Every structure is written in structure tokens, then in C-alpha cells.
Amino acid sequence: MDKEAKLAEIREKLKVLLVDQLSLEDITPDEIEDDAELFGEGLGLDSLDAVEIVVMLQRNFGMEVKDMEKSREVFRTIATLADYVYEKTEEA
Amino acid sequence: MPDAERKTETKKRGNRLGIWFFKTTMRLAGLRGAYALLYPVCFWYACFDRAAVRSALPYVSRRFPELGSVGRWWTAFKLFVSQGKNLIDRHALVAGAVSFDTEIIGYDQVATLDGGFILLTSHVGNWQTVMHSLERLDKTVHLLMRPEANPALRKAVQVDAEESRVKIISPDQELGGVLPVMQALEQGDIVSIMGDRTYGADGVGIRFLGDKARFPYSAFHIAASARCPVVVLLSSKTGTNSYSVDMAEVIRPKLARGSDRKMQLRGWVQQYADILGNYLLAHPLQYFIFHDIWADGE
Numbered sequence: 001m002d003k004e005a006k007l008a009e010i011r012e013k014l015k016v017l018l019v020d021q022l023s024l025e026d027i028t029p030d031e032i033e034d035d036a037e038l039f040g041e042g043l044g045l046d047s048l049d050a051v052e053i054v055v056m057l058q059r060n061f062g063m064e065v066k067d068m069e070k071s072r073e074v075f076r077t078i079a080t081l082a083d084y085v086y087e088k089t090e091e092a
Numbered sequence: 001m002p003d004a005e006r007k008t009e010t011k012k013r014g015n016r017l018g019i020w021f022f023k024t025t026m027r028l029a030g031l032r033g034a035y036a037l038l039y040p041v042c043f044w045y046a047c048f049d050r051a052a053v054r055s056a057l058p059y060v061s062r063r064f065p066e067l068g069s070v071g072r073w074w075t076a077f078k079l080f081v082s083q084g085k086n087l088i089d090r091h092a093l094v095a096g097a098v099s100f101d102t103e104i105i106g107y108d109q110v111a112t113l114d115g116g117f118i119l120l121t122s123h124v125g126n127w128q129t130v131m132h133s134l135e136r137l138d139k140t141v142h143l144l145m146r147p148e149a150n151p152a153l154r155k156a157v158q159v160d161a162e163e164s165r166v167k168i169i170s171p172d173q174e175l176g177g178v179l180p181v182m183q184a185l186e187q188g189d190i191v192s193i194m195g196d197r198t199y200g201a202d203g204v205g206i207r208f209l210g211d212k213a214r215f216p217y218s219a220f221h222i223a224a225s226a227r228c229p230v231v232v233l234l235s236s237k238t239g240t241n242s243y244s245v246d247m248a249e250v251i252r253p254k255l256a257r258g259s260d261r262k263m264q265l266r267g268w269v270q271q272y273a274d275i276l277g278n279y280l281l282a283h284p285l286q287y288f289i290f291h292d293i294w295a296d297g298e
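If you're matching them up, the sequences are chains G and X in order.
For what it's worth, our numbering labels the leading residue of the first sequence as 1, then goes sequentially.
For what it's worth, our numbering labels the leading residue of the second sequence as 1, then goes sequentially.
Hint data in this document are derived by calculation from the structure and do not stem from the laboratory.
For clarity, every value in this text was computed on a predicted model and none was experimentally measured.
Take these hints with a grain of salt, some might be off.
To be verified - Not everything, but these chain G residues come out facing chain X in the computed CB check (under 8 Å): (1) 52; (2) 65; (3) 66; (4) 68; (5) 75.
Cβ coordinates follow ideal geometry from the N, Cα and C atoms, glycine included.
Chain G on its own, in the form it takes in the complex:
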């Protein structure tokens, strides 16, 4: 599988997890844009939702918090999150 296909797969998985873990009721995974801002004006998530995302990355992708802390900008959109997960998965 090439990089783009893997990234697309990760993005889809992240959207499903996001809707499920955060119990988002007004939006489906398909409706989440890759480049929509997760916090603030985009999806309107808050800092407590960020806790859930951190845990979601830990449990589903084996990410470590200390790595995430060095790359806080990855929490901006689904696309940046997917890039980060891909990069870390490849490193491993």
C-alpha cells in the first residue's frame, strides 16, 4: 500500500474513532473534512475533548504522550493528526 492510501485509511479511522469516542451526535465521520479545525471554530472541540484524543492515539495507535508533547501542532486537523500517526508508525 502506498503512502497516500495509508494516510487515507488512517484519516478514515481517526474520523470514526473521533465520532465514537467523543460521542459527537451532530456529525458523522463522512461529514468531517480532512482540513477542518478540530478545536475552536471548526468542530468546536475543547481541551477536555483533547484528553480523549490523546487517549485515543495511545490506545489505538500506540502513540506516547511525550512524543505528542513535542508535536502539539498535530492536533490541528484530521489531516495533521493522520500525518503524525503515519510518521510515527513508519518510524516504528
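Based on these hints, arrange chain X on the given structure of chain G.
Quick look at chain X alone, frame taken from chain G:
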């Protein structure tokens, strides 16, 4: 110099002078001597500083609903004296002028906790002083608070010292400081969060001392997500040189999927509010919440 600026400077000078006066008295006459000075000073505040008395009344009127206006005023005065003693103790501790005997209830239980945990603090007792007793746990303590919010606390627990095991995590940073909080818990540290005032954070309405108040729920949400316990920290001054620290109550929140998260969190926040309320039945003059947290609940 503008009036406002001049007033600020005068107020600050007065504060420095006051602190110097108390410190000097403490050096010359010990803790009891400094305490004795408190009575006329607090009486002055009780008589002439209406804002100070007003800020104490929301708590006093709910904890002592049977009191009339004179009784509430007198209790506010006693609360000022009690807080003054705590502040003097804090200065004495920082200066190394005194050491306090501290009884820790529930220490063994907390010492055996595996990994990091949330320490849920309240405006009860002198938790700044209590931080020193946590050294026995041999864990780094991260205070989730705005660094500029309490300079006195930073000095009291020597946050800025390189070797200090007390650190500050600011909620104003990206994602509300979630990443450093989660990392601290992951590495087995303690994260201290204030539980009885929202300071603008999200909260839930609960019953506290017979009335509806609003307490924050972030401590329980973080704990449920990180699968770590919440240790409720309560403290009180029990004598001139002694404190009691109570860490016997440990709450283990676990969010059930499919149910309303906020409703579930409310249950644990209410449990904490009940623990705090019961503690205040035994230690009514150790609660220094000079803010109407019940108005926040409306």
C-alpha cells in the same frame, strides 16, 4: 502620577509594610505573638472593609444558616483570623522559622497507589503548606493553575527553584495544558487540580451546603480518561504548630460508554462536594472561599 496608579502603589506599599510587620513580630515573639496581632487587624477589616465581609458571607450564611446578621459578621471576623493564621504559618514555613507536626490520614493508601494520580484540592485549610508534607511520597507535583494567579504560592512552595519537585502547568497553553497533564500522569507524577471553584472552566451544577453551586469537572474527566484515581486532599490547622491532612477519600471515575458524559461526571463531582461538605461540619473555620460559588451555580 494618575490617581489609580497612586492608589495601587499605596495599597502595595501598605501590603509590604503589613507583611514586614507580621514577619518582624514573628521573629521577635514567635507564632503566638504574630497571631495576637491578627485580632485587631482582622477586627478593623471586619468593621471597615465591607467588600471583605461581603465576600465571606456566601459561605458563612450557608454553613451557619441559623445565624443572624451579627452572628454572621462575627463568624466572618473569626474566618479572617483563621485565614490570617494560615498565612502567617505559610510565611513562617518559607522562612524556615518553624516546622509543623502534620498528621496525614490515608497516607498508606496513597503511598501504595501505582502510577500517577490527580490530587483534588479545595480552599480548605492551608494546602500550600501541606504541599511540603507530600514530599514523603517522593513524587513530582504539578499544579494545574495560571502561574501569575498566585505569586505567594509560587514562593511558598518554591516552584521556581531548579530542584523543586513542585511544577506549574498553565491551563492557558495549547489544548488547556492537556498534554503535559497526561504526560505527568503517565510518568507516575501527581497532578493537583482545584476542585471547588471553576475559575472560568467548564463545570456542573451540584448541591453544596444545601444550595446549588457550580464545581469544575475536569479532574474527574482527566482521571477517567487516563484511568487514574482522584485523591481528595483536605487539610486543617489543628493547633499552633500542627496540621492535619486528610487523603483518605479516593475516587476512581470510569466513564460508561453511551451515557451522557456530563451526567456521569456530575455524580463524582457531587461525591466530592459531599466529602468537602462533611469535612466543613468538623472544620467550619478552615474554609477560605471568598467568592460566591453558589451564584456560579444559578
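Comparing the hints with the structure gives:
1. Of the supplied interface hints, the one on residue 52/G holds, with its beta-carbon coming within about 6 Å of a beta-carbon of chain X, less than 8 Å.
2. Restraint check, residue 65/G versus chain X: the minimum CB separation of about 4 Å is within 8 Å; hint holds.
3. Checking residue 66/G against chain X by beta carbon gives a least distance of about 6 Å; that is within 8 Å, so the hint holds.
4. Interface hint status for residue 68/G: upheld, as the beta-carbon distance to the closest one in chain X is roughly 6 Å, under 8 Å.
5. For residue 75/G, the suggested interface contact is upheld, since its CB lies about 6 Å from the closest CB of chain X, less than 8 Å.
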